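Undergrad: Sequence:
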Amino acid sequence: MLRPNGSVFTPLVLTLIGIPGLESVQCWIGIPFCFMYLMAVIGNTLILVIIKYENSLHSPMYIFLAMLGATDIALSTCILPKMLGIFWFHLTEISFDACLLQMWLIHSFQATESGVLLAMALDRYVAICNPLRHASIFSQKLLTHIGIGVILRAVVLVAPCIVLIKYHLKFYQTTVISHSYCEHMAIVKLATEDIRINKILGLFVAFTILGFDISFITLSYVQIFVTVFQLPQKEARLKAFNTCIAHICVFLQFYLLGFFSFFTHRFGSHIPPYVHILLSSLYLLVPPFLNPIVYGVKTKQIRDYVLKMIFSKRHPDH
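Under our numbering, think of the first position of the sequence shown as 1, with each following residue one higher.
Please keep in mind that the hints were generated in silico from the structure rather than gathered at the bench. This one's a predicted model, so the numbers in the text were calculated from it and none came from an experiment. Treat the hints with care, as some may be off.
Pair ranges (Cβ atoms, derived) [to be verified]:
#1 23 <-> 304: 42 to 48 Å
#2 159 <-> 264: 24 to 30 Å
#3 252 <-> 159: 27 to 33 Å
#4 137 <-> 23: 52 to 58 Å
#5 42 <-> 148: 24 to 30 Å
#6 149 <-> 176: 36 to 42 Å
#7 149 <-> 243: 22 to 28 Å
#8 275 <-> 233: 18 to 24 Å
#9 27 <-> 233: 30 to 36 Å
#10 211 <-> 275: 36 to 42 Å
#11 42 <-> 176: 33 to 39 Å
#12 139 <-> 312: 41 to 47 Å
Backbone N, C-alpha and C define an ideal beta-carbon position, used for all residues, glycine too.
Using the sequences and the hints given, assemble the complete structure.
TA: Set out below in C-alpha cells:
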C-alpha cells in the first residue's frame, strides 16, 4: 500500500544491504568476522564449562564472569549469522517484525552486558574495600537478584523503543536499511514522519543505562585505587590491583568502542557510512571475542584449569 508521495505503509519486509560502499569486498570482510564469532563462542563456552565444573570458581567474581560469557555468546549470535548470510549468500531480506526482534535482542544484550560489568565492579569494590563483609553481602540470594535485575532492566528499558517504532511510525520512505544488522537509528531514519520522539527516547535509554553504569563503575574504581594505594606492603598492592586488571581491560574496550560507535553514528555526518557500519559491527564483535582471552590470560585459576585439561588429555594414563 503506497501513499501518494511514494512512501511505503509499514513494510512487511526490509532489506539489509550490509556495508554500503564495501559491497564488493563484503565476502572477504566476512572471513575475520566469522573467525571472531567462532572464537567468541568457543572461548566463552569454555569459560562457562570451567566455571561450572570447577568448584573453587563458584565465587561471585566468577559467577558474574559466567553471566558475561553467556551474554557475549547471545549478543554475537544475534548479529553474526544474519550478517554472514548477507555477506556470503546475499540473503538481504528480513521481515519487519524479525528486524524489530533482532534490534530488541541486540540492544537488550548490550544493556545486560553493561549491567554485568557494573556488578563485577561493585564485587571488586566490596572485595578490596570491605573484604570482611564480602561473603555476607554477595550472598547467593543477592547474586540471583542482580542477575534477574540486570536482565529485567535491559528488557524493560529497550522495549518502548520497539513499541514506538511499531505503532508510532507508519510511513517509510524506503525499505532499504544501509546497515548490516537492525539498529535503532538505522530503522528510525527510514521513516517519513517526525522522528524526534524516537531519537529522544533512544538517547534517554542509552544514557540511562550507560551513564548510570559508567558513573558507578568509575566511582567504584576510584575507591578501589585509593584503598589499594593505602596498603602498606607493595606485594599486597600488586595482588589487589592484579585482581582488577582483567575487568578494567574489558570495561575500557566495551565502553570506549561503544561511545565511539554511538557518537560517530549520530554526530559524524562527514564520516563515510561504511566507517559507521564497520565500527558498530566491531563494537558488537570485539568484546565477546576478546573477553575470554583477557580473562583466560589474566585469571590464574582459569589458566591453570585449561592447562590441566590439556595436560590430562596428553597423558591419559596419569
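Undergrad: In this structure, is the beta-carbon distance linking residue 27 and residue 233 contained in 30 to 36 Å?
TA: At roughly 56 Å between Cβ atoms, residue 233 and residue 27 fall outside 30 to 36 Å, so the hint is violated.
Undergrad: Has the hinted range 33 to 39 Å been met by the Cβ atoms of residue 42 and residue 176?
TA: holds (35 Å)
Undergrad: Take the C-beta atom of residue 211 and the C-beta atom of residue 275, compute their distance, and say whether it sits inside 36 to 42 Å.
TA: violated (25 Å)
Undergrad: Please test the hint of 22 to 28 Å on the beta carbon pair from residue 149 and residue 243.
TA: Hint holds: Cβ distance 24 Å, inside 22 to 28 Å.
Undergrad: Determine whether the Cβ-Cβ distance between residue 275 and residue 233 falls within the hinted range of 18 to 24 Å.
TA: violated (48 Å)
Undergrad: Mind checking the hinted window 24 to 30 Å against the Cβ distance between residue 42 and residue 148?
TA: Since residue 42 and residue 148 have Cβ atoms about 28 Å apart, the given range 24 to 30 Å holds.
Undergrad: Using the C-beta atoms of residue 149 and residue 176, is the stated range 36 to 42 Å upheld?
TA: Holds - the Cβ-Cβ distance for residue 149 and residue 176, about 39 Å, lies within 36 to 42 Å.
Undergrad: Please check whether residue 159 and residue 264 have a Cβ separation lying inside 24 to 30 Å.
TA: holds (26 Å)
Undergrad: Look at the Cβ atoms of residue 252 and residue 159 and judge whether their distance stays inside 27 to 33 Å.
TA: holds (29 Å)
Undergrad: Is 41 to 47 Å a correct range for the gap between the Cβ atoms of residue 139 and residue 312?
TA: With Cβ atoms ~34 Å apart, the hint is violated.
Undergrad: If I claimed the Cβ atoms of residue 23 and residue 304 lie 42 to 48 Å apart, would that claim hold in this structure?
TA: For residue 23 and residue 304 the Cβ distance comes to about 47 Å; the hint holds.
Undergrad: Mind checking the hinted window 52 to 58 Å against the Cβ distance between residue 137 and residue 23?
TA: holds (53 Å)
Checked against the numbered hints given earlier, this structure breaks hints 8, 9, 10, 12; the rest are met.
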